[in-house]
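Protein sequence lines correspond, in order, to chains A and B. Its first residue numbered 0, the first sequence is counted upward by one per residue in numbering that gives the first Met the number 0. Its first residue numbered 0, the second sequence is counted upward by one per residue in numbering that gives the first Met the number 0.
Since the hints were derived computationally from the structure, they do not count as laboratory data. All clues stand as given, with none of them false.
Which chain A residues face chain B? A few, computed with CB under 7 Å, are given here:
1. Ser364
2. Ser393
3. Trp394
4. Arg423
In silico BS3-like cross-links for lysine-lysine, where the CA-CA straight-line distance does not exceed 27 Å:
5. B/Lys41 with A/Lys141
6. B/Lys154 with B/Lys191
7. A/Lys40 with B/Lys141
8. A/Lys41 with B/Lys141
9. B/Lys141 with B/Lys191
10. A/Lys381 with B/Lys381
11. A/Lys320 with A/Lys40
Here a beta-carbon is modelled for each residue, glycine too, at the ideal position from N, C-alpha and C.
2 protein chains.
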Amino acid sequence: MRRSPLLIWRLFFIPLLFWPAFASASAAERDYRALSEEITKKGLTQNYAYNVLGRLTQIGPRLAGSPGAAAAVELMRQEMTDLGLDNVRLEPTIVGRWVRGEIEEARLISSRLGTLPLSICALGGSVATPEGGVRAQVLEVKSFRELRASGDKAKGRIIFFNRPMDPTRVNSFQAYGEAVEQRTLGAAEAAKAGGVAALVRSLNFGESDLPHTGMMGYSPETVRLPAAAISTRGADLLSRSLQSDPELSVYFKTSCANLSPVTSFNVSGEIPGTEAPDEIVLLGAHLDSWDLGQGAHDDGAGCAQVIEALRLLRSAGLRPKRTLRGVLFMDEEFGGTGGRDYARAESRQGERHVAALESDRGGFSPVGLGVGGGETVVSRVKAWQPFLFPLGISWIAPGGGGVDIGPLSTSGTVLMEIVPEAQRYFDAHHSSQDVLAAVHPRELELGAIVMAVLGFLLAEEGV
Amino acid sequence: MRRSPLLIWRLFFIPLLFWPAFASASAAERDYRALSEEITKKGLTQNYAYNVLGRLTQIGPRLAGSPGAAAAVELMRQEMTDLGLDNVRLEPTIVGRWVRGEIEEARLISSRLGTLPLSICALGGSVATPEGGVRAQVLEVKSFRELRASGDKAKGRIIFFNRPMDPTRVNSFQAYGEAVEQRTLGAAEAAKAGGVAALVRSLNFGESDLPHTGMMGYSPETVRLPAAAISTRGADLLSRSLQSDPELSVYFKTSCANLSPVTSFNVSGEIPGTEAPDEIVLLGAHLDSWDLGQGAHDDGAGCAQVIEALRLLRSAGLRPKRTLRGVLFMDEEFGGTGGRDYARAESRQGERHVAALESDRGGFSPVGLGVGGGETVVSRVKAWQPFLFPLGISWIAPGGGGVDIGPLSTSGTVLMEIVPEAQRYFDAHHSSQDVLAAVHPRELELGAIVMAVLGFLLAEEGV
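Take the sequences, apply the hints, and build the full model.
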C-alpha cells in the first residue's frame with residue numbers, strides 16, 4: 000500500500016483542457032481581456048448577485064400590483080442609489096392586479112375509483128369559479144384541433160388540456176413554447192367549444208405534485224371560464240382515471256379575482272456615457288414574479304444580475320462612451336405593461352437605445368447569446384467571443400429578444416439575450432419551487448459577469 | 000383587462016433561437032443526423048440513465064473493496080446481461096481496502112474561546128490517530144512552500160492546510176486541480192516538517208458544514224501521520240480562532256484502517272463490431288465511489304451513461320464496424336488499479352483500442368468535449384459537431400483523458416472526455432451530498448446521448 004508521492008501526483012493530476020485558441024490579440028483586445036478577467040475575479044470572489052437575490056427573495060412573491068412588488072421596487076431603488084448609480088428613477092406603469100384568494104381545491108369524483116384529491120392552482124388572470132365551485136364531466140384533449148373536432152362532446156364539460164411539454168426537445172424553452180398555448184388560450188378555446196372550465200396540465204417536464212401557474216387571457220367573443228393548472232402527476236392520474244371511468248367528474252373551486260389596476264414602476268439606474276450619454280445600452284430583467292414561490296429564477300436572478308453587472312463596472316471605475324442603463328421592468332408576467340410603457344415614455348425622447356440585453360431564462364450558468372439585428376451585428380458580437388468564451392459563452396447565434404425589451408425593437412434597438420443551460424428551469428418555473436435555494440451563487444454570478452463584459456463592450460464599441 | 004387572444008399570443012411568444020447553421024449535409028451526414036435525432040428522442044423520452052443510477056445508488060456507497068462495490072459489480076454485470084450486450088465480463092483487479100471505522104470527532108480547544116466542535120472526516124488511505132486521539136497546537140499554512148519555510152514552528156503541531164479552491168477560476172476543475180495537492184500530499188509534507196497530523200480544508204467552493212474526503216498518500220521516507228478533511232466552515236472558524244488565540248489546540252480522533260487488499264472487478268460488455276471486432280472504442284466510467292454519500296455524480300452518473308449509451312444503440316439495432324465496449328472500472332478513487340490492470344490484461348492482446356471516451360466530471364449537462372490525439376483528430380471530431388451541437392456540445396478542444404483510460408494512452412489510444420457544465424460539482428464531490436437527488440434526469444441523459452452518438456461515430460468512422 001505504500002505509494003510514492005510521484006505516483007500519487009500522477010493519480011490526481013487533473014488535466015486542464017485547453018479551450019479554443021482565438022486569433023492573436025490587438026492592444027484593445029488585450030485591454031478587454033484584462034477587463035473581462037478583472038470583472039470575473041471580482042465577481043466570483045464576492046458573489047454579490049446572490050446577496051442581492053437573497054434580499055429580494057426575502058420579500059416573498061412579487062406579483063404585479065401586490066405589496067411584494069411595491070416593496071421590491073423600493074428595495075431595488077434603494078440598492079441602485081446605495082451603489083452610487085446615476086439617474087436612479089422610478090417610471091410609472093399601470094398594471095393589472097390579480098389576486099389568488101384563499102381557496103384552491105379540486106377533486107376527482109368517480110363512482111368506480113372513489114374521490115381523489117387533485118393538486119391545482121388558478122391561472123393568472125382567471126376569474127374565480129362560482130361560489131359552489133365547478134363540477135362537471137371531463138373532456139381530455141391534447142390540442143385545440145382535437146377540441147374543435149370534438150363537436151358536442153365539449154358542451155358542459157371541464158376541458159382538460161393535457162399535452163405534455165415535449166420531453167424530446169433538448170431546448171426546454173422550445174418545449175415550453177410549443178405547449179404554452181394550452182395555458183394562455185385554453186380557457187378561450189374551451190369557452191368557444193361550450194365547455195364550463197379549463198384545466199391545464201402544468202408546464203414542466205418532471206413528475207411533480209406541484210401546480211405551475213402563469214398568465215392566461217380571455218377572448219372578447221366568449222364567456223370567461225375559470226381556468227386552473229393541474230400538477231403533472233395530477234394530470235397523469237386524471238388521464239388514467241378517465242380511461243377506466245370516462246363518466247367521472249372533477250370538482251374544483253377557486254377564489255381568485257381581478258381587481259382594479261394600480262400604478263407601479265420600472266426601476267432604472269445608470270452609468271452615464273462619457274461621449275454619447277443619450278445613446279443607451281440597456282441591461283434588462285423583470286422585477287415582478289408569480290405569486291407562488293419567490294420568483295428567484297424568474298426573474299429575480301435577472302434583476303440581481305443587472306444590479307451586479309452595473310456594480311462590477313462602477314466599482315472598477317469603468318465608464319464607457321455610451322450610457323449603460325439597468326432597467327428592472329414591472330409586470331412582465333401579467334401583461335408586459337412595464338416594457339411597453341418604458342419604450343413609449345416621454346423620457347425616451349432624445350434617447351437612442353443602441354442595444355438591449357435581457358436576462359430572463361433563469362439564473363443558471365450562461366452558455367450562449369442570442370443576438371438580433373442581422374448578420375453584421377452577430378459577426379461583430381462574435382468577434383468579442385474571446386472575452387466571453389472563458390465565462391462559458393460558447394455560442395453566439397441569431398435570436399434574442401424578450402417581453403420587456405421587445406417593444407424597443409420598432410425603434411431599431413438591437414435585442415440580445417443571455418441563454419443559460421436550462422434543463423432545470425421548468426422544474427421551478429412559476430411554481431412554489433422557484434426559491435433562492437434553487438439558484439447557485441456561482442452560476443448566477445457568471446450571468447452577471449457576462450452582462451457586465453458584454454454591456455461594457457456594447458456601450459464602448461456600439462453595434 | 001380584456002385582451003384579445005392575439006395580444007396574449009404576442010406576450011407569450013417564446014422566440015426560438017436559431018443555433019449556428021452548419022455546412023449543407025452529405026447523405027452520410029444526413030444519416031448521422033437522423034441517428035442522433037432518433038437516439039435523442041428515445042433517450043429523453045425514457046430517461047433510462049436515471050433509472051440505472053437510481054438502482055446503483057440504492058446500494059449505498061461503493062468504496063473499492065467494500066461490500067457495496069461488490070454488489071455494484073454484480074448489479075452492473077446483471078444489467079449488461081439483461082440488456083443483451085455481448086461478452087459481458089468481469090476482469091479481476093486487486094484493490095486496496097480502506098475502512099473509515101466508527102469514530103470521527105474533532106474539537107477546537109481554547110482557553111479564551113472555549114471548546115468548539117469541528118466537522119471532519121478521515122482522508123482515504125489515512126492511518127488512524129492513536130486511540131487517545133491527537134491533540135496539539137496548530138500551524139495554519141496556505142502552501143507547501145509556506146510550510147517548508149516555517150522551520151521549527153511545525154514541530155509537534157497539527158498542520159492545517161487552508162488554501163481554498165480559487166473561487167475566481169470559472170473552471171471548477173482547474174480550481175480543484177490547483178488545491179488538491181494539500182489533500183494528496185499534505186500528510187507527507189506535514190511529516191517532513193515534523194508535524195503530528197494533517198488537517199486539510201475540504202475541496203469545495205461553498206460554505207459548508209460537511210467535510211469532503213478523497214485520496215491521500217504517504218511518502219516512503221516519512222512517518223505516516225493521520226490526515227483528515229475539515230469542512231470549509233470549520234476551516235474558516237479554526238482560522239479565525241487562531242487569529243485571536245494562536246495557542247489554541249485541536250483534538251481529533253479517527254479509527255480508519257488500511258486492510259489487506261482484495262480482488263474486485265472491472266465490468267465490461269459490448270456491441271461487437273461488424274467489420275473490425277478487434278478494434279475497440281471504449282466508453283468508460285468508474286464504478287467505485289467514496290464512502291460518504293452514494294457516489295451519484297462521482298461516478299455513478301458516468302456508469303449509468305455508459306450503460307444507457309450502449310442500450311440506446313443496441314435497441315436501435317445499430318452495430319458499427321468496430322466494437323463498442325463499455326467498461327465500468329473499479330478503483331479509480333483509491334489507486335486507479337482498475338484502469339491500469341485493464342490496459343495490461345492478457346485479454347487486451349490482439350485488441351487495438353482506437354479511442355476511449357470517459358465520463359467522470361459529474362452528471363450535469365454536457366457542454367464540451369476534450370479530445371486527445373493531436374490536431375488531426377480534433378479536426379475530425381469537430382467535423383461531427385453538427386450531430387453533437389444540438390445535444391449541447393458547443394465546443395470541442397484539445398484535452399481529454401482521465402484516470403481510468405489514461406493507461407491506454409501508451410498504446411496510442413485517442414483519449415476523450417465529456418465535459419459537463421460543472422459549477423455545482425464540487426458542492427457534492429466526495430461528500431455526503433453526492434446523492435441521487437443532486438442529479439437531474441435530463442442532464443444525466445444528455446451525457447448518455449452524447450456518449451452514444453460520439454461512440455457510434457468513432458466506432459463507425461474511426462479516428
